[in-house]
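Protein chains in written order, with my numbering: chain A, -2 to 111; chain B, 213 to 327.
For the record, the hints were derived by calculation from the structure and aren't laboratory data. Just so you know, even glycine gets a beta-carbon here, dropped at the ideal spot from N, CA and C. The reader is advised that the hints may include incorrect statements.
[Claimed, not checked] Going by beta-carbon spacing under 10 Å, a handful of chain A positions derived as facing chain B:
id: 1; residue: -1
id: 2; residue: 1
id: 3; residue: 5
id: 4; residue: 38
id: 5; residue: 45
id: 6; residue: 47
id: 7; residue: 49
id: 8; residue: 65
id: 9; residue: 67
id: 10; residue: 88
id: 11; residue: 92
[To be verified] Capping the alpha-carbon separation at 20 Å, the derived lysine to aspartate or glutamate pairs in EDC-like fashion look like this:
id: 12; chain 1: A; residue 1: 8; chain 2: B; residue 2: 256
id: 13; chain 1: B; residue 1: 250; chain 2: A; residue 2: 41
id: 14; chain 1: B; residue 1: 215; chain 2: A; residue 2: 99
id: 15; chain 1: B; residue 1: 215; chain 2: A; residue 2: 65
id: 16; chain 1: B; residue 1: 250; chain 2: A; residue 2: 99
id: 17; chain 1: B; residue 1: 215; chain 2: A; residue 2: 41
id: 18; chain 1: A; residue 1: 54; chain 2: A; residue 2: 65
Single-letter residue listing:
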Amino acid sequence: DTGVSQNPRHKITKRGQNVTFRCDPISEHNRLYWYRQTLGQGPEFLTYFQNEAQLEKSRLLSDRFSAERPKGSFSTLEIQRTEQGDSAMYLCASTPGQGYNEQFFGPGTRLTVL
Amino acid sequence: AQKVTQAQTEISVVEKEDVTLDCVYETRDTTYYLFWYKQPPSGELVFLIRRNSFDEQNEISGRYSWNFQKSTSSFNFTITASQVVDSAVYFCALKGADSSYKLIFGSGTRLLVRP
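This is chain B alone, in the form it adopts within the complex (with noise of 0.2 Å):
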């Protein structure tokens, strides 16, 4: 079976602290690819990034980090120096490339940016 957990459930900081988000998955799936999705209030689920499971390279972009970390199948989310538009849910997601098309989503970490 696929899950993804995502134990924090809300996160608050002030503007300009780092943020960690935590992703935690389980596959069975020898390739899988591993996804970051934003929310914002608006509603639309927004695609961040998607790491493969062959590519243990971290990631930067910006302000946005990723740690893709097999041995503890955790795919992790910093942001550094939050800014308050960071406010949103954020959603971790696997994919088995073995099975099906689906994504399977965690259920989501809100991050609230205070001034």
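Extracted from the complex, chain A is given alone in its bound form (with noise of 0.2 Å):
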């Protein structure tokens, strides 16, 4: 039984570019959560799926960062015109569903913006 997988460990870009995140929860978990951690800093809410439906959007979740999850398995998580104030760890989570309140996590993708 494999944990959560995310996709790239780490990524530095240059202000502007845009970047793309991948989430691989456990297998058969139908609800998946983004979270941003900041340094010294616990994570905060970004958005979350239950299986490919959008629910929940954090204020964080500004008009440059979508998140899909189109099949109800795997997730993308996409910065567009990255500013240096997005630089941090981006936390995927996933949870098998109704009646399970704690959620897994992956081991995050660290964002450089320079």
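Hey, can you piece these two chains together into the complex? The hints should help.
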């Protein structure tokens, strides 16, 4: 039983470039979450999917951010026109579904915007 | 509004000492869930425990124990006989059952266990 996987693990980009991250949840987990963690802080919620439906988005998710989960399996998070303030660890988590409340996290993608 | 406060930014102990990490939460939900996660230097958040608001029994798992007190809105975590491998950042988190699916995290407590 493999855990949540995320790719890439590290991404360095120049300001203004677009970046895309991928998350593969634990098999058969129908709920998937994205969080952002900056240095010295706890993770902050970005968005949530149940199967392919995006059911909740944080105000942190500006127009430059978009997330998809087209077939209810893996998910992508895209950031357009990156800014230095986007530098953070982007974490993905998944849960099996109703009745489960704990979320299982992946290793994260660390984004550095130069 | 929901909020989790971990007032201890950093704690340093010598191996074999006991250490307690504090967590205070705020929520208006009548049913809610509390969690502790461990984030070692590798960065991956590791789930440690979940506690339901309607179950105030304390829990012990090996060297770990958790003290949930609704009266003081606290969910403290104690490590007995700490080991160097316990060095990590520990996060307390809250999820309301009446509201969204997201976890609200505290800012974390960095624990350093010195040999």
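* Asked: Which of the listed hints are not met by the structure?
  -> Those not satisfied are hints 1, 3, 7, 8, 9 and 15.
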